[in-house]
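Visitor: Given the sequences, and given the hints that come with them, work out the whole structure.
Each chain, written out:
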Amino acid sequence: MLKEGDRDSIFALFSIAVSLILLYEAKKPYYEAGVADLGVSPVFFPLLLIYIWLVLSILILTRGLILRKKQQPTKIQINFIKSLKGFLIVCLYAYLMPILGFYLASVFFSLSFMTVFGYQRKFPLLIISFLFPLLLWYIFTFLLNVSLPVSPWFFRI
Amino acid sequence: MDYIFSVVGTALTIPSLLAILVGTVFGLIFGILPGLGSVLAISIALPFTFTMDIMSSISLMLAIYCSSVYGGSLSAILINTPGTPQSATTMFDGYPMTLQGKADLAIGWATGASLFGGLFSVSILMFAAPQLAKFALKFGPEETFALICLALTCIAGVSGGSILKGLLSGVIGLFLAVIGTDSMSGSSRFDYGIFELAAGVELIPVLVGVFALTEVFWRLGEKIPKTPMNELKGGFRLAPFKEWALRWRTLIKSSIIGSLVGILPGTGAATASFISYSEAKRSGRFRENIGKGEPEGIIASEASNNAVTGGALVPTLALGIPGDPVTAVMMSALIIQGIQPGVRLFADHGPLMHSVFFALIICNIFMFFSGVFAARFVIKILKIPETLLLNMVLILSLLGAFSVSGRLFDLIIVLIAGLGGFILRMANVPLAPVVIGLVLGPIFEESLRQGLIINDGNITKFFSFNHPIALILIFTTLAIILKITYKELFDSLKNKESK
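Listed in order, the protein sequences are those of chains A and B.
Under my numbering, residues 1 to 157 are what the first sequence spells out, in order.
Under my numbering, residues 1001 to 1499 are what the second sequence spells out, in order.
Incorrect hints may have been included.
Derived coverage of chain A by chain B (criterion: at least 3 residues anywhere in the stretch with Cβ under 8 Å from a Cβ of chain B; other residues may be distant) [said to hold, decoys possible]:
1) 42 to 52
2) 80 to 90
3) 105 to 116
4) 127 to 138
No lab work stands behind these hints: they were computed from the structure.
Even glycine gets a Cβ: it sits at the ideal position worked out from N, Cα and C.
Guide: The following block contains the structure:
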């Protein structure tokens, strides 16, 4: 349970922290203007953006602090555990792709993703898990000529 | 005559027609399924265009764009849930017609109005884009800089939610574009010693992460009630010409509204349909029945949202400034094919652009017939289990992002962008300005730095009477920023005092 103003304030503080980290990086002597820059440093535009970023974050923080006093807390209609599970499975998929190859990683991903999220009908589950990645592999490899990561155990797939 | 045959011939090749057919079906499915929509469809399809010829790749994108906008109306009519936000107003009269047992007729009205709106907007595009490009040939770096400032402010301003957050979102996008090697000095910026970042942040992985992954993570966690669909039946029936003739005024007025709103950066089809629907409610012939199952409401909504497709392409093609994420992706598709949208586009690639206009007409016709055939299968499409669907979207998204450059590093970018997009969405920050900022970033920086070099580093010369267009554009931008910032802070203070 969080007020919208509180949520904005937390986000704005996070945003201010990011902009300060970027500002610290932009102030390094490495970025000073050289002869090839014709007087306009390569960091001129990024610095301008960082300052605008900082000002906007401060304005959002101010607005959030004003708003929080007049609001009632509202419940966020999102189950974070489910979203986090999804994120972790996708991370695992991305990690496994270069190790197992596209096809095997996709089969493993599909089976685990659909099982974790409660899909139980076996026939569609197997069809989607085994045939859909195979179809994509065929389209990319033979029709679009895009090489996909291959597994160490098979010749091309 | 030979020129016309050549233009039509380029658009009517077998690969182009096949691309239109596939794009229409793909876009229609993504439009019908609530929550997916045009941006997701077009970002997933983009990697497939890399090895296609120019005409086929543009045709695929255009077909997806048109049919995904239209597809949203089918679910709005049948299950009272718009497939895309732009069809929200279609629901107000479409669903009551379904309850009256006239779903097939409602789909007929929506399909006919979408076709008319789409074709009307092509004619606007054909007329306006070359003229605008001709006018914009006078633009120097100062004017380009000022124009992008105004476009980004408008996009951030109307993306929904707080305008301050919209502007911040645009700044984040612009900042992502500066990461990597500076094109003017050759020095690397903000790469933190990561070799892969020296080449910059690619658009596609960010786009896929911000739109596809964020949407999937959101939907996985979202608590939404399911709509019962067992009793529903789709179908297609076109009303007699006499009925259409009674509502011609709304049809034309809505098409004009849609085309004009489409030209304005950041507004989009949802805004157009709401304006048009309100206008029909105010001045339509059957205004007293609108909201109770009156076809005039469907016409107003559907003609305007499909008319946006052509309108939105006007600034994208003529100025190289996309007004929304969909046209931003389409612009990247053109850039990948070696065509730079902007003021020189019509001078350098005139015949190709005329073929594109013709392809857009074909896309609208295909969209009409796909609607006729798909109407009876809509319920089957809507019954696809969400887990299966999200699983396929994730595989397609990661594969698409990887195939751009074949770098596994891009998968990391996708994941970071997905997580970042989720955090921004949690904080009610609009996501569209991030992508548009990333697309416009390089041109924006280049025009600013070129302008500074020309004017001896004096930025005030940008706003002098030597550059009246830039002056007007910058003052308009500043006025908008000041007004919205003041309004947001003042409104929150006023609310506090009244409490």
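Visitor: With a C-beta cutoff of 8 Å, work out whether three or more residues of the stretch 80 to 90 of chain A approach chain B closely enough for the coverage to hold.
Guide: Held - the stretch 80 to 90 of chain A has 8 residues with a Cβ nearer than 8 Å to chain B, which meets the minimum of three.
Visitor: Apply the coverage criterion to the stretch 127 to 138 of chain A and chain B: a residue qualifies when its Cβ sits closer than 8 Å to a Cβ of the chain, and three qualifying residues are needed.
Guide: Since 4 is at least three, the answer is holds.
Visitor: Do three or more residues from the stretch 105 to 116 of chain A put their C-beta atoms closer than 8 Å to C-beta atoms of chain B?
Guide: holds (count 5)
Visitor: Please verify the coverage claim for the stretch 42 to 52 of chain A: does it have three or more residues whose C-beta sits within 8 Å of some C-beta in chain B?
Guide: n = 8 at 8 Å, threshold three: holds.
Checked against the numbered hints above, the structure violates none of them.
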